[in-house]
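Chemist: Quick note, the sequences are listed as chains A and B, same order.
Residues -3 to 254 (my numbering) make up the first sequence, in order.
Residues -3 to 254 (my numbering) make up the second sequence, in order.
There's no promise every hint is true.
Any copy will do: because identical chains look the same in the list, a pair fits if it lies in one copy or spans two.
[Claimed, not checked] As a list, the in silico EDC-like pairs of lysine to aspartate or glutamate whose alpha-carbon atoms are at most 16 Å apart: (1) 96 <-> 109; (2) 170 <-> 230; (3) 38 <-> 75; (4) 229 <-> 163.
Derived from the structure by calculation, the hints contain no laboratory data.
None of the values given here were measured: they were computed from a predicted structure.
Protein chains: 2
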Amino acid sequence: MTYCVGLLVKEGLVMMADTRTNAGIDNISTYRKLRVFGEDGKRIISIASAGSLSTTQALVNRLHEGVKMPGNDEPEFLETAPTMFRVAQIVGEAMVGAKKDIEAVVQQQEGVEIGVTLLVGGSIDGRAPRLFLIYGEGNFIECGLDTPYFQVGELKYGKPVLDRMLDYRTPLRKAIKIALVSMNSTMRSNLGVGLPIDMLVVRPGHSTAAVTRIEENDPYYHDLGASWAAALKDALNNIPDPAYPLPGEDSGPVAAKS
Amino acid sequence: MTYCVGLLVKEGLVMMADTRTNAGIDNISTYRKLRVFGEDGKRIISIASAGSLSTTQALVNRLHEGVKMPGNDEPEFLETAPTMFRVAQIVGEAMVGAKKDIEAVVQQQEGVEIGVTLLVGGSIDGRAPRLFLIYGEGNFIECGLDTPYFQVGELKYGKPVLDRMLDYRTPLRKAIKIALVSMNSTMRSNLGVGLPIDMLVVRPGHSTAAVTRIEENDPYYHDLGASWAAALKDALNNIPDPAYPLPGEDSGPVAAKS
Chain A
-3 MTYCVGLLVK EGLVMMADTR TNAGIDNIST YRKLRVFGED GKRIISIASA
47 GSLSTTQALV NRLHEGVKMP GNDEPEFLET APTMFRVAQI VGEAMVGAKK
97 DIEAVVQQQE GVEIGVTLLV GGSIDGRAPR LFLIYGEGNF IECGLDTPYF
147 QVGELKYGKP VLDRMLDYRT PLRKAIKIAL VSMNSTMRSN LGVGLPIDML
197 VVRPGHSTAA VTRIEENDPY YHDLGASWAA ALKDALNNIP DPAYPLPGED
247 SGPVAAKS
Chain B
-3 MTYCVGLLVK EGLVMMADTR TNAGIDNIST YRKLRVFGED GKRIISIASA
47 GSLSTTQALV NRLHEGVKMP GNDEPEFLET APTMFRVAQI VGEAMVGAKK
97 DIEAVVQQQE GVEIGVTLLV GGSIDGRAPR LFLIYGEGNF IECGLDTPYF
147 QVGELKYGKP VLDRMLDYRT PLRKAIKIAL VSMNSTMRSN LGVGLPIDML
197 VVRPGHSTAA VTRIEENDPY YHDLGASWAA ALKDALNNIP DPAYPLPGED
247 SGPVAAKS
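Using the sequences and the hints given, assemble the complete structure.
Modeler: The structure is reproduced here in structure tokens:
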């Protein structure tokens, strides 16, 4: 499994991906799922992938070799695309081609999963960062203000904290913290999602990204997991126990503290 | 969608199910998914179901008419089964039959989901309650001490709180509170799971259950949702912001509070 999340707040873009790859639970390895393109000091583009590793690699290969777009005889590259929207179109087109490549090989054999979903984010010429979710069919949607995040992969365990905590005005460092809690909740419930975490941060007005790999021994991440677990326990204990009737009791104590 | 959860702690059994049924998001109604059998003052058996409503109703009909078990010419009933284990076997056999009934009708038409998963819990003659999860194929597993809960349906959103908070020694009222937080997290993230919640509580030594329907205007449930949301916000704010480098900064403030 994989879990990737992208947060787009007023102060910037945060993209995170775990690095665990598994073909069955007895074949686990570490693989980078957050790729960076076009770091020329003027643009920064990142792609995070969930799904088939072979389809992803076929797609990345197409991006490196250039993608033939409808109506243009010359191949196009992420390194020279004029806008993030064009970047998303190029990646979508590469997705369609990569899927065809792989389908030609596997020929609809049962149980072969070749689907991929991507997050594509970044900024060109220091403009406000943008974030897209590319579906397995090559079409895509852009992240907006109302729900300022996208997830791909094993998304449900880490979604409640995003829904409850995040909005477009959330400060950047707090957004990073929320994304890490979301990662932590996912890793606790699904062994297929694991450390290290790759993180990329882009800010408006800056044409280089901060890329960080959060390893097993990262003190902040370790403390975050422990503090969050302890805080949840306290939060639960501070809510009164319910007084619904139990068998053999007419009614329970009202608002008894546990 | 549906979310049902069963908790088996030392002080008793808690079963909960939401009541929202939908055939598409534009066809939503309220349907009881937690059924009670054999309330004769000596036994209490409850079944919570997730999946196809037509398969579930075919299965319940079989339970009412009696289930032919291998090696017995007489039909068997939940109302007279000697043990909870036999109850689980009878329900499993009814599952196999119900699935065949429905398959004969729908004939593998694409897109017709006929699968059902069940929680079966209860107590006979005041003995310690037991809890089973019945798979769609009719086989089943029993809940044990190490992970004292089962879920069926839309389970991922509400699983982290169970994994973090619940163990076999958790007091009964606190277990109810944890199950309600799990329900609340699920309802917040999936509109297909909705109020009212049906709850059943069984205690060792008591042969009647407490059955409660928690409606939209239930003051405890309303406060629980609000308190939990506020406590999570506080918990997050009390964790220092991360000091990972940001673009344009060599390093961030160390342990800055948000």
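Chemist: With reference to the structure, classify each hint as holding or not holding.
Modeler: Outcome of the hint check:
1. 96 <-> 109: Within one copy only: 13 Å inside a chain, 29 Å across chains, cut-off 16 Å.
2. 170 <-> 230: Only across copies: residue 170 and residue 230 sit 13 Å apart there, 21 Å inside one copy, limit 16 Å.
3. 38 <-> 75: Only inside one copy: residue 38 and residue 75 sit 10 Å apart there, 74 Å across copies, limit 16 Å.
4. 229 <-> 163: The answer is between: 13 Å across copies meets 16 Å, while 25 Å in one copy does not.
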